[in-house]
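**Q** Okay, here's what each chain looks like letter by letter:
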Amino acid sequence: MTSTQPIMALRGARKAFGEHEVLRGVSLEVARGEVVAIIGPSGGGKSTLLRCATLLEKLDDGSLAFGDITAARDERGRTVYAAGDELKRARSRFGLVFQNYNLFPHRTVMHNIADAPVRVQKRPRAEAEHEARELIQKMGLAGCEDKVPCQLSGGQQQRVSIARALALHPEILFFDEPTSALDPELTAEVLRVIKTLAAERMTMVIVTHEMGFAREVADRVVFLDGGMIVEEGTAEQVIDHPREERTRAFLSKIAE
Amino acid sequence: MSFSVMLGMLTEGFLVSLQIFFFTIAGAVPLGVVVALGRMSRVAPLRWIVRIYISIMRGTPLMLQMFAIYFAPYYLFGIQLTPDSKWQATITAFIVNYAAYFAEIYRSGLQSIPRGQYEAAEVLGYSRAQTFCYIVLPQVVKRILPAMGNEIITLVKDTSLAFSIGVAEMFSTAKALVASQVSMVPFAIAAVFYWVFNFLVELVLAAAEKKLSYYHD
Ligand SMILES: Nc1ncnc2c1ncn2[C@@H]1O[C@H](COP(=O)(O)OP(=O)(O)O)[C@@H](O)[C@H]1O
Ligand SMILES: [Mg+2]
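The listed protein sequences correspond, in order, to chains A and B. Residue 1 is where the first sequence starts when you use my numbering, and the numbers rise one by one after that. Residue 257 is where the second sequence starts when you use my numbering, and the numbers rise one by one after that.
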């Protein structure tokens, strides 16, 4: 893989649910070590974009690649997906952190984090658990190894889900509004963890409504509205000096 | 007739009731999975056939189903009924009847698992079989346990329906003894047997529920 190849390249993405066109030609390339924040009004297609990028939803049109792996290619205006094995390889390249965590409620924190490395990646259990312990430490969850999700706060659960994604060594991590289910003080601890990852040059795409956070961590801010990228650039360009009227309207609305 | 002789005869009958019980569990628990999968199949005709099957099983008396299954081979294919036919018909009827109830319980349990669980598993790279075995199934078991407990307790009592077709389980024995001894004691003993056994069933179910109470969602 050449260093210039994007970690993820989504090109010309279109997605409709019935008559409703949710993505109307979105292209997004993410370079290694880059942090991209996606902002925009509710219903603008942010979640759908992440779901298409993580293969939870199928594109109608457009292509999707992770480095040298082509997960989906555009063939005369229709998306054709690769075979199962190739998609499995593609899945090993990314992780996804959900808004509502989606931890496995019947498993301990340790099991939530270390199980996929063992069962999916066939790594030795001792090694996977050792690494999980390090991640637990790093997420500020020491002592929670043997707890189950219902014994944790929302902020702790979200940090477990970040650790669960990191345990598989993804090249890129997607976050879909990771703090919007949390109280302000719990939000802060989750954002702190994500900032740590940004400082380590983890490649990330983060859907967020936290403008201060976006300004702080994002190398690039993308404003998505009506299924299209209306404006993108540095945080300074998009958040502080938006050029488009729709961006301005959105920013002034959430500033209220 | 002494009490101990009566007790011995009823115990013998109870062993037959237990056989009906365990054969039904052994057959209907797995068959219910197949029925539930059919009920949730993407193939519409299969889904409808299974739906009608479940509707008939739940909508008609188990006693009638036993007779239908008992006489069907003779009326449909002219096959002679043998002394074993009653027993076979009883077990078959119990299994296909209870499989329908279990299937609906499984289905409700499966459908109650949030989609996010499947999606998290998919993104983590679990195969469909792994997702089912390690993530979905354990959660389904916890959710369906109370409903399954109800059905299992009902099954213990339903074994007495085999009396109607002439299988010598405990209730038939009790009824025969009541008639010959002109005493209600055999019925009382039978009641104690059913209740004590169900009490044990309740203990097992409570233990299982307790074991799974380490988490809630
Ligand atoms: N599975 C689906 N079926 C039908 N409509 C959907 C589905 N998922 C999303 N939508 C619609 O797509 C639009 C964009 O949704 P979403 O991507 O969740 O936006 P955002 O995350 O920006 O709020 C919304 O109007 C939503 O109702
Ligand atoms: Mg969303």
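FYI, nobody ran anything at the bench for these hints, they're computed from the structure. Among these hints, one or two may not hold up.
Claimed, not checked - Cut-off 27 Å, straight-line C-alpha distance, at most; resulting in silico cross-link-like pairs (BS3-like, lysine-lysine):
| hint | chain 1 | residue 1 | chain 2 | residue 2 |
| --- | --- | --- | --- | --- |
| 1 | B | LYS413 | B | LYS342 |
| 2 | A | LYS147 | B | LYS466 |
| 3 | B | LYS413 | A | LYS147 |
| 4 | A | LYS88 | A | LYS147 |
What the hints assert, rightly or not - Taking CB as the label site, the calculated pair distances span:
| hint | chain 1 | residue 1 | chain 2 | residue 2 | range |
| --- | --- | --- | --- | --- | --- |
| 5 | A | LYS122 | B | THR338 | 50 to 56 Å |
| 6 | B | PHE323 | A | ARG78 | 56 to 62 Å |
| 7 | A | GLY233 | B | VAL397 | 48 to 54 Å |
| 8 | A | THR196 | B | ARG371 | 49 to 55 Å |
Backbone N, C-alpha and C define an ideal beta-carbon position, used for all residues, glycine too.
**Q** It remains to establish, for every hint, whether it holds in the given structure.
**A** Going down the list of hints, with the structure as the test:
1. B:LYS413 with B:LYS342: 19 Å, holds
2. A:LYS147 with B:LYS466: Roughly 17 Å separates the two Cα atoms, so the pair holds.
3. B:LYS413 with A:LYS147: Given that 27 Å is the threshold and the Cα spacing comes to 41 Å, the pair is violated.
4. A:LYS88 with A:LYS147: 30 Å, violated
5. A:LYS122 with B:THR338: 50 to 56 Å: 55 Å, holds
6. B:PHE323 with A:ARG78: 56 to 62 Å: 58 Å, holds
7. A:GLY233 with B:VAL397: 48 to 54 Å: Once the Cβ atoms are compared, 52 Å apart, the range 48 to 54 Å for B:VAL397 and A:GLY233 holds.
8. A:THR196 with B:ARG371: 49 to 55 Å: At 31 Å between Cβs, range violated.
When the structure is compared with the earlier hints, violations turn up for hints 3, 4, 8 and for no others.
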